[in-house]
Amino acid sequence: MQLVLEKRAERSNTIALISPLIAIGLTLVTMSILFAILGKNPISALGVYFIDPLVDSYSLQEIAVKATPLVMIAIGLALCYLANAWNIGAEGQFLIGAVAGSWLAVKTQGTDAGPWVLPAMMLLAAIGGALYALIPAICKVRFGASEILTSLMLVYVADLLLDYLVRGPWRDPKGFNFPTTAEFDPVATVPVLIEGGRLHLGGIIALVVVAAGAVLLGKTIKGFEIRVVGAAPRAARFGGFNSNQLILLTFAISGALAGLAGIIEVAGPVGHLQPGISPGYGFTAIIVAFLGRLNPVGILIAGLFLALTFIGGEQAQIAMKIPLDVTKVFQGILLFYVLACDSLILYRFKLIFISPKVSSGAH
Amino acid sequence: MGLIEAIILAVLAASTPLLLAATGELVTERSGVLNLGVEGMMIVGAACGFGGAWLSGSVIIGALCGIAAGVLMSLVFALMTLGLAVNQVATGLALTILGIGLSGLIGSRFVGEKISLAPHLYIPGLTDIPLIGRILFGEDAFVYLSLALVAGVWFFLYRTRAGLILRAAGDNHASAHALGYPVLRIRMFAVMFGGACAGLAGAYLPLAYTPFFIPGMTAGRGWIALALVVFASWLPGRLVIGAYLFGAVTILQLHAQGWGVGIPSQFMSALPYLATVIVLVLISRARTGGSTAPAALGTVFVPDR
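Protein chains in written order, with my numbering: chain A, 1 to 363; chain B, 1 to 305.
Rather than coming from a laboratory, the hints here were simulated on the basis of the structure.
Do not take every clue at face value.
[Said to hold, decoys possible] Lysine to any residue pairs mimicking SDA-like chemistry, simulated, CA-CA at most 20 Å apart: (1) A:K321 / B:R109; (2) A:K7 / B:N87; (3) B:K114 / B:T210; (4) A:K7 / B:F301; (5) A:K40 / B:R109; (6) A:K350 / B:V302; (7) A:K350 / B:T210; (8) A:K321 / A:L34; (9) A:K350 / B:D304; (10) A:K7 / B:I106; (11) A:K350 / B:K114; (12) A:K40 / B:N87.
[Stated by the list, open to error] A few chain B residues that don't get close to chain A, going by computed Cβ distances all over 10 Å: (13) F137; (14) A141; (15) G220; (16) A270.
[Stated by the list, open to error] Simulated restraints, written as ranges between beta carbons of each label pair: (17) A:I33 / B:I61: 44 to 54 Å; (18) B:G133 / A:G271: 28 to 38 Å; (19) A:I204 / B:G237: 28 to 38 Å; (20) B:I278 / A:G271: 54 to 64 Å; (21) B:Y158 / A:P279: 41 to 51 Å; (22) B:Y158 / A:V297: 28 to 38 Å; (23) A:L21 / B:I263: 49 to 59 Å; (24) A:V29 / B:G133: 55 to 65 Å; (25) A:P233 / B:L282: 22 to 32 Å.
These figures come from a predicted structure and were not determined experimentally.
Virtual Cβ for every residue (Gly too), placed ideally from N, Cα, C.
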């Protein structure tokens with residue numbers, strides 16, 4: 001018996017639409033089995049994961065808060081992946097953005113600086129993230145070094161830099177030696193949307209980013225160039241598109257967005273700079289980008305779904321003592337199924353029972 | 001034992017997991033498959049390797065568990081990229097994300113436990129030779145195994161027919177297929193070999209390097225191994241040089257921290273990662289005359305029946 005792939009005459013649009021749903025369905029089945037192996041009731045575990053967070057207002061706000069960085073980073077990554085530029089160091093760009101923005105917050109601490117501080121922090125964060133992302137991009141276009149490896153290596157470097165800053169020069173003198181900066185001043189904090197709630201201005205910014213991404217990809221020449229360079233590099237060369245320039249551009253945009261997400265997280269929900277500000281947003285955003293089919297609106301939905309798994313995972317740990325790592329396993333399995341189902345768009349799967357002979361090629 | 005001797009011993013130990021993982025990945029890439037999931041396979045290998053050794057009390061069983069875990073992980077990758085023709089870069093990332101989660105899940109019950117490390121070779125007389133005795137005749141079995149593996153891979157790739165066919169599959173899958181070679185099956189075995197090596201490399205960490213398991217203990221070594229393959233221009237011999245150079249950087253930065261050089265420890269810890277970036281740039285730049293990578297590396301192959 002053998003599994004054979006047969007190329008479809010044209011890509012199947014029906015499957016393109018439902019394949020993320022098939023993938024989620026298969027993931028839920030796999031997770032049920034995993035819960036059973038862990039000795040938990042699968043039905044109630046899935047309930048805690050996916051239903052409970054949706055029925056109270058605090059969790060709903062928390063989902064939006066967690067989805068904010070995921071969506072912002074994933075939009076940038078989608079641009080890169082569409083252009084066939086593999087930025088997998090968004091986690092590092094997120095951290096550098098957080099560091100760059102926090103610099104201003106730390107410097108203006110306790111002064112009577114006005115409300116210009118927060119916008120300036122965001123600008124610095126975006127610039128910092130973009131410059132950090134340009135390192136692997138320049139290494140790629142100038143020297144041909146694999147952007148996959150260099151961008152990933154810089155994640156570790158960013159992590160160590162942040163660690164140094166909050167243990168060294170930026171440490172809160174009144175912080176009992178904890179590795180953290182002092183709480184940011186109110187002018188350096190992202191305002192919440194509803195008094196006493198968790199939802200903050202970052203959620204709105206994420207929606208603006210989604211809209212901007214949709215316009216860029218759908219309505220502009222640059223967006224068209226990005227898609228052509230990725231999908232048909234030869235055609236792009238004939239069209240005179242500069243693929244190197246597009247690599248630099250997509251990396252810079254995605255770095256800026258990741259950096260912006262970083263400062264919004266630090267100046268918003270966290271409130272100060274400390275190690276561990278990201279539970280792997282930069283990596284989870286890769287899954288979000290693929291689950292959302294590299295499409296801005298899809299990414300918004302996928303980001304909310306992945307945020308749900310973070311919240312559900314925390315609740316499952318508290319309510320059912322299910323280890324937090326299950327969430328990561330879940331996310332990994334989900335990405336596998338998403339990629340496998342995407343294969344159905346281009347190919348038909350066939351099981352045949354005799355081994356195929358080399359023929360003169362039926363296609 | 002002198003300081004120099006101690007440093008060389010430490011460098012060899014730090015280099016061995018890099019060499020093991022990179023050797024496996026080299027064979028995988030030579031067959032035309034880019035498996036970016038080395039880090040994921042390593043970390044699961046570390047968790048399973050420690051678990052096996054802790055439960056059985058045997059380092060060998062631990063190593064076998066690590067290998068088995070790596071192979072299982074690589075089979076998932078093979079099913080996806082070879083069976084379903086999925087993008088190799090994305091699948092490799094998925095494998096790493098899954099591996100980090102799985103290792104946490106498997107390893108959580110072993111955190112805080114301790115095992116005794118793999119014994120070191122001792123040959124009376126030889127091991128006692130001053131200076132070189134401990135270095136040449138006093139290593140743990142994995143160090144010798146990793147060097148033997150490199151030699152074996154070199155012999156296989158350049159001196160056997162099967163190795164020639166494997167390289168053909170990696171350079172031009174359409175031609176290899178037209179000649180009647182089962183490209184996908186060859187690639188599957190190459191991916192499995194890469195998984196076995198990565199699993200063993202991961203298991204080396206808790207079995208012979210530090211006697212306990214901590215989540216995330218591979219700390220990017222899988223990614224550095226991937227960079228080493230590029231550094232070595234896909235040649236097994238150069239892999240040894242590369243791995244030992246990187247091991248040396250790792251150990252030197254640790255010692256420099258100990259000597260209290262006035263540089264913050266975080267900057268020293270960042271050195272191996274920065275060195276990887278710099279080396280990749282230098283190597284890629286030197287190669288302006290054309291790439292030495294297998295020509296079909298990372299491309300999807302769907303046989304035409």
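Checklist line | CB-CB spacing for B:I263 and A:L21 relative to the 49 to 59 Å hint | finding: holds, 53 Å
Next item on the list: Could you see if the CB distance from A:I204 to B:G237 stays within 28 to 38 Å?
Entry: violated, 57 Å
Check: Does A:K7 pair with B:I106 here, judged by a C-alpha cut-off of 20 Å?
Finding: The given pair, whose Cα atoms are some 39 Å apart, is violated under the 20 Å limit.
Next item on the list: Could you grab the alpha-carbon distance between A:K350 and B:V302 and see if it respects the 20 Å cut-off?
Entry: Judged against 20 Å, a Cα distance of about 13 Å means the pair holds.
Notebook entry, point to check: Does A:K40 pair with B:N87 here, judged by a C-alpha cut-off of 20 Å?
Noted result: Violated - the C-alpha atoms of B:N87 and A:K40 are around 34 Å apart, more than 20 Å.
Check: Is the Cα-Cα distance between A:K350 and B:D304 20 Å or less?
Finding: Answer holds: A:K350 to B:D304 is near 14 Å, not above 20 Å.
Checklist line | Restraint status (C-alpha distance of A:K40 to B:R109 at most 20 Å) | finding: Holds, at roughly 17 Å.
Next item on the list: Mind checking the hinted window 28 to 38 Å against the Cβ distance between B:G133 and A:G271?
Entry: Violated - the Cβ-Cβ distance for B:G133 and A:G271, about 58 Å, lies outside 28 to 38 Å.
Item checked: C-beta pair B:Y158, A:V297: status relative to the range 28 to 38 Å that was hinted -> At 52 Å between Cβs, range violated.
Next item on the list: For the pair we were handed, B:K114 and B:T210, check the Cα-Cα distance against 20 Å.
Entry: holds, 9 Å
Margin query: Looking only at beta-carbon atoms, does the pair B:Y158, A:P279 fall within the given range of 41 to 51 Å?
Written below: holds, 46 Å
Notebook entry, point to check: Is it correct that the beta-carbon of B:G220 has no partner in chain A closer than or equal to 10 Å?
Noted result: Non-interface label on B:G220 violated, nearest chain A Cβ at 5 Å vs cutoff 10 Å.
Of the numbered hints given earlier, the model fails hints 7, 10, 11, 12, 15, 16, 17, 18, 19, 20 and 22; all others are met.
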